[in-house]
Structure formats: C-alpha cells, structure tokens
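From first to last, the protein sequence lines stand for chains A and B.
Counting in numbering that gives the first Met the number 0, the first sequence runs from 0 upward without gaps.
Counting in numbering that gives the first Met the number 0, the second sequence runs from 0 upward without gaps.
It is worth saying that the hints were derived from the structure and are not from the lab.
All C-beta atoms, glycine included, are put in the ideal place defined by N, C-alpha and C.
Among chain A residues calculated to face chain B with C-beta under 10 Å, some are:
1. Ser257
2. Leu267
3. Thr304
4. Thr309
Number of protein chains: 2
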Amino acid sequence: MTNELISKEKVSLKMKECGVKDLDSATIRDVVRIANELQDENNIKFVRMEMGVPGLAPSQIGINAEIKAAQNNAAQFYPMLEGEKELATQTSLLIKNFMDIDLSSKNIAPTVGSMQGAYAAFMAVTACHKEKNAVLFIDPGFPVQKTQMDVIGKPYYTFDIYDYRGEKLRDKLKSFLDKGDISSIVYSNPNNPTWVCLTDEELKIIGELATEYDIIVIEDLAYFGMDFRKDYSQPGKAPFIPSVAKYTNNYILLISSSKVFNYAGQRLGLLCVSDAIANKYYEDLDIRFNAKTLMYALVYKLIYTLSSGTAHTPQYAVAAIFRAVNEGKMNLLKDAHEYGKRAFLAKKIFTDGGFRIVYAKDGDQNVGDGFYFTIGYPGFTGSDLAQELISYGITSITLKGCGSKKEGLRACVSQIGQEEMELLKLRIDNFKADHKI
Amino acid sequence: MTNELISKEKVSLKMKECGVKDLDSATIRDVVRIANELQDENNIKFVRMEMGVPGLAPSQIGINAEIKAAQNNAAQFYPMLEGEKELATQTSLLIKNFMDIDLSSKNIAPTVGSMQGAYAAFMAVTACHKEKNAVLFIDPGFPVQKTQMDVIGKPYYTFDIYDYRGEKLRDKLKSFLDKGDISSIVYSNPNNPTWVCLTDEELKIIGELATEYDIIVIEDLAYFGMDFRKDYSQPGKAPFIPSVAKYTNNYILLISSSKVFNYAGQRLGLLCVSDAIANKYYEDLDIRFNAKTLMYALVYKLIYTLSSGTAHTPQYAVAAIFRAVNEGKMNLLKDAHEYGKRAFLAKKIFTDGGFRIVYAKDGDQNVGDGFYFTIGYPGFTGSDLAQELISYGITSITLKGCGSKKEGLRACVSQIGQEEMELLKLRIDNFKADHKI
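For reference, chain A alone in the conformation it holds in the complex (with noise of 0.2 Å):
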C-alpha cells in the first residue's frame, strides 16, 4: 500500500499513449500534455513545476500603456524596424541603472520575444568570421536555443558547468575555443534551469576569453536582476547585475519582459549589442548578408526578413514599463519577490523530505532563490524521479534534458502559489513515507 495518487502503471501507460519513452527524452510540453491529461482522467490537481508560465499579472503601467497606444491607432502603422524612439531610450537608460553599462539607444532594437532576439543573434554571430561557425552553450540552458541552432543548420558546442566553476572554468573553454570554430559563447544568468549565477570571478574569465579569441558573448538576461541574493532594484545605485559587459566590448545582451515584468503573451525582446561591435565591419558578414555593420545585418536584413519588426503596442507597454523603473515610480523586482518567496519554502519542504538540492553553490556562496532550482533523490535517476513524482501528483522537467550531466529535476515555483504549498508538503511527506533512505 502507498500513498501515490495516480498509480505507477496509469503514468507508464500516459506517457506511451504521449508518444514518450521517458522523461530525460521528453520536452516541457510533452510533460504538460501528460499532466493535462492525467488531471482530466483522474480528477487530480497537480503541483505544476514543469512550466516556467510567469505566474503573476503583468504590471498594469505595461497594459495602460498599449491600450493607449490601441486607441491612437497604432495599429494601422508598420512599426520601425529599429524600434520605437522612446523603447530604445528606455531600454538604455535601464542598462545604466541596473547594470552600470553604457550602450547606446541606437544598438538596440525589440524583437519577437528573446526568442527571435536569440535567433538573430546566433544567425549574425556565426557569420562573422565564416571559419567560426559554431556556438558554445554554457550548459545546463535553455533546451530551444539548441533547437535554434538546429533549425538554423549551424554547429554547436556544449558542456556542463558544474564542474568547471570558478578558475576551473577557464582552461574548459580554452579546450573549445582552441578549436577555432567558435563564434560565440551563450548562457543565461540567472541560469534556466539551475538557478546558478555566474560569478565574477566566472563573468572576467568568460569576457578576457572572448576579447583574446576575438568572439562574442551572448548572455541571456530572461531573469534580469532576479538573483534575490543582494537587492539590484534601485535605479543608479550599486550592487548592480553582473555582466560579461564589464569585462569585454564583445558582446550581446537579451533582456526580456516575459519573467520579470508577467509580459510573455506580447513577445517582446530587446536585442542589446554593444556599441564596440554594433558598428564593426565584418568580411564574412558582409559576403553574406550585404551589410556593412552587424548591427545593420541584425536590424534590417534579419529583423526585417523574419517579421518586418515587432508588435506596435507591446513597444508602448514596455517602453512604459522601463521609464517607470528607470525614474524610480516602480521597483524593478517588486513582484518578481514573489518567486524567491516561494522558492524558499519549496526547498524547505523538499530537502526536509530527504531531497537535495543538485546545484547548489555559487562560488562559496549557496545559490540563491527564485524562478528555479535543482533537486534530486538519492537512488533515483532524474527520469526516474520525475516520472515517480508524477504519480505524487507533482511534476518537473530532468536536468539531463537541459544539457545536464547530474541526475535531478528542474522545479519551477512560477505557478504554485504560497497558498499552495501545503498542498506540496503533504505530497512530498507522502513520497518520503513510501520512499525511505
């Protein structure tokens, strides 16, 4: 007799129905088809941790702001491709505060969510120098932007960060970038799916790399400022969020308004290039794209090509947005605490029913909380382990499907609320019951 909710053989047999042999091999979406239909079939509410959904309302300067643009008409108008005037300025003048980095209103352009912001980017980089066609993924990351490097038809590189921190992590780079094929190196920080923030000790080894083998960095801001740890919120004032940007000119920022601001259903990116590079003339680049700088190959061969620009109004919420939080009238992470909130007493419950978390340290210091973090369970695989807490009614993504080497799940707190937390108690009590170490 146990305590699982949904029988072991329903959940083996779901996931042969959903066309999955197991979890490592499965994406975050057939995971959502599994639970949707396992809560249909067995009138069940999971405790959904698969899906980094924003789980809060967006911010309501953001909407008042797009409705007035509707109402103006912007509708009827192509957007410019390089953007509207005032997001731009916004979107420099919030790299300053928050990042104490200068990078001109010019190099930069909005996109179809970082999504599109991340495939131009990798279309651009990887035809710079042609001999350098291949991209390095710090891992664990983002499953999809390998997909893009797939769909692209272009190589890459990847490797596990967690035992390459600190020091260690430059001879590991070296060892790929002395292939000669690179043309960039990627990551996110805060990192999807660990939760593991460079250090910047880790942010100068990456930046002195990348000016010596005369490559660019592309770091993924789709946490911006969401390292709970010290407090980047006020406008101008140090700490600031660390960045690559201080230690090289080459690289390019993503920042999106999907996570921190509850903006993902409008899409929209910033695509940030340093000023050092926006305006470089590249041989290879040119042959390609007929364009003189990269900035331009960017903006008006690949932007214009894969969308003709972005959304009309969605420029107007954000740009909004931006000013709030740049003049001080909103605080940057006001409701992105929530996510830390709920991450410490989902960490609680977990590891005080014996789970661990997987990756746990930045340098000497614990990881902190927010969208994300890592856990695992003795004797289990991570496929193991997420198939076994599906029958708990809780659900995650393996690490092993995000590029990880370790064994252990990805937990996302997105969309449980703190209300829903002693619902998780019970069923991690339960698994702890019927699993005893």
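Given chain A's structure and the hints, the job is docking chain B onto it.
Structure of chain B alone, referenced to chain A:
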C-alpha cells in the same frame, strides 16, 4: 524655365548623399529617406506614392477586442504556438466564405505578419525534397521575399510574367520546373507591384503543374479580395476570390491583416496549409527538422524557434474582425474600396498627362483599380522617370527594382487621399508642360 519644385541638381545631390546611385537599385526605404529629407530641406509636401503603408484607420472591432484582451491580462500568458482557437476557426470560415475552399482550422497558424509566414514557408518547402531547394517567383513581386531567400541561403529563380500571360504561362513555367530543383512557385494575387490578377486560366495552369511536378504553390493573399472588378465581399456567395487552391492540393495561403483591415502595426498574418499536404510525411523534411509532417515542422520547429508564436492581443483583434466579416456584420471590403476609388482618379490624372499603364491587362480585361498601379512615360527609363518625378514632388519606386523587365514605375495610392488628387493633377500638368511628347 521649368515647373520643377526641386531642381534636378538638388535631387541628384540628395541621392548621392543617401548612397543611392540610381533608383532601380534603391530600396523603398531609400526612397522614403530621400523624400523625407528633401521635404524638410525644401519645405515641400510630396505626393507620396512610394510605399504601401495602410492609409486608413484600423477596424474599431479589432481595437475593441484587443483592448478587452489586454484588460483580461492576455499579456501574462505565453501564446500557444498554434494560436488562439477562435482565430484559426474564423480564418477557416473566412477561407470557406470568401474563397469557397475547405481548409481545416487545425492547419492554420498565426504568424508575426505574413513576413514570418513566408519565411517559415520558404524554410519548410525548400527542405521537403533535398534535391528541390529553390523557389520560383512569378515577377514582378515583393522584393523582400527575395531578400528572405538570400537570408535563408537558398537559391531562387524569377521571370517577368508580362510576356507570358494566358496559355503561354505553361511552357514558361515548365522550362523552369524541368530543371528539377524547384520546390515551389510563389506569387501575390492581386500582385504587388502591378495589381495584375492571375486569371482562372493561369491559376489552373499553375495548379496543374504543381500537382504534376509535386511542388507547393505559395499564394500570397496580402490584398485579400481587393480586386474590385468583382464583388468578393459577400460571405458564402459567389463570386469567390480566385485561387490556385481550386486546381491543386499542393498549396499554402498567406493571409495578412495589414492591408485589407489596416492592421499592419500589430504584425499578424495567417499561415494556411492545405489539408492534403499539412499532414504529409516528407522524408528529407524529417531528416532536416526532425518533424513527421509539414505542419509540425512549420509550427513546432519554425514558428517556435523564430519567435515562440505571435503576440497575444492582436490574435483576439483579428479573430473579432474575421468573425464580424464571416457573420456579415461588417463588409470585408468596406474600407478597402477607398483604395479603388483613389486609383481610378489617380490613373486618370496620369493617363491624361501622357502616361501609360505598363501592366494594363489581365487576359482581355483591364487590370483593376486598387492599391497599386504601374506607369511609364515615353522616352524615359523607369529609373530616370522616378528621379524626374521627384523634382515635381511625386515619389514612386521603379518596376525594375521589383523584378520587372519593363521600364516604368509602381505608384501606390495608400498614402494619398482623394483630397490630394488636385495637387497631384497640378504637378502632373506641370510635368506634362515641361515634357512635350
């Protein structure tokens, strides 16, 4: 002494400043810039006929639906890749009501404008059979679609339809298709830049050859139903918008909200794949994109990695507009008719001034009055004529820049209201006085 508003020297100088050698090689955006700067510097208002910007207010039904969606926090939630169900349902009905074509809502996905729809379609169709990696454009056409092929990195062919109307089209198409490397035929109907509409005879030839050669026709319906020679605006009643879909199962339709509903600013197109090929297995496509069907590749590989779908609120807007049109509560072409009226007046002014319509006929009929028309003047190349007209305060683009072999210009009526016709007449009269034929 001439009637020029701006001297030829000033126009030449400005072109040089903008890096434009001649107007055949200029992009539309180059012409926009030249005109903007000359306007400011000479305090003259141009009659702007160079760019196809929607010139009418967007549908209030759309705006209202969009505002309601924004108030309901649509910004928070990631859009589904397949789009809002209601949008696909209404698009399927639209295709049935106005084209008399059955196409399942399951095979319709929203895109970030038809620009993204075309990009994704070009990526997919050129990968279905690896030996068929090229696209054939029936020119003249929208130049950016060729830039898309350059960005994708696949070859394309073009030919000017001028000398190959009617049955002559068959052998011309076969001469290309016999090469064996063509994956698809692409055209817009009505045509940008000429407003030529393919006749049923021509559509039948294209359809038959598509079936015979196992290739896919991409029919760009950017100007959906805007051939005003017939009334296509009654839902469920003949006449229906002519389409290749009547003559082959191998087709993809691109429907845009930009022109017929003045919704360009919100970037929403519909990618509609015929039921017969949407679920077809193409071995090479599977190898390239790990996708078992064409529709899966388009939605879950291409639209996913290009932008993770399309902004949320515009989907509600366009769904509401389509619904109103399907239910007969709003006339499909009510607003768009204005362009036909303008074209009628403007064409008369030009022909009275000694100009001729370059692309004048569809079969035995005169081309319709719509968004664009084409003009030539005795003794002038298109490039020289476009430059000369700038001196008289009128902007346009050349046909050669759109892949035509003919000397002449595309004139667009979207930006000139009926109240500006008197000014246009005055300027054309001045031009005529200075250029006795």
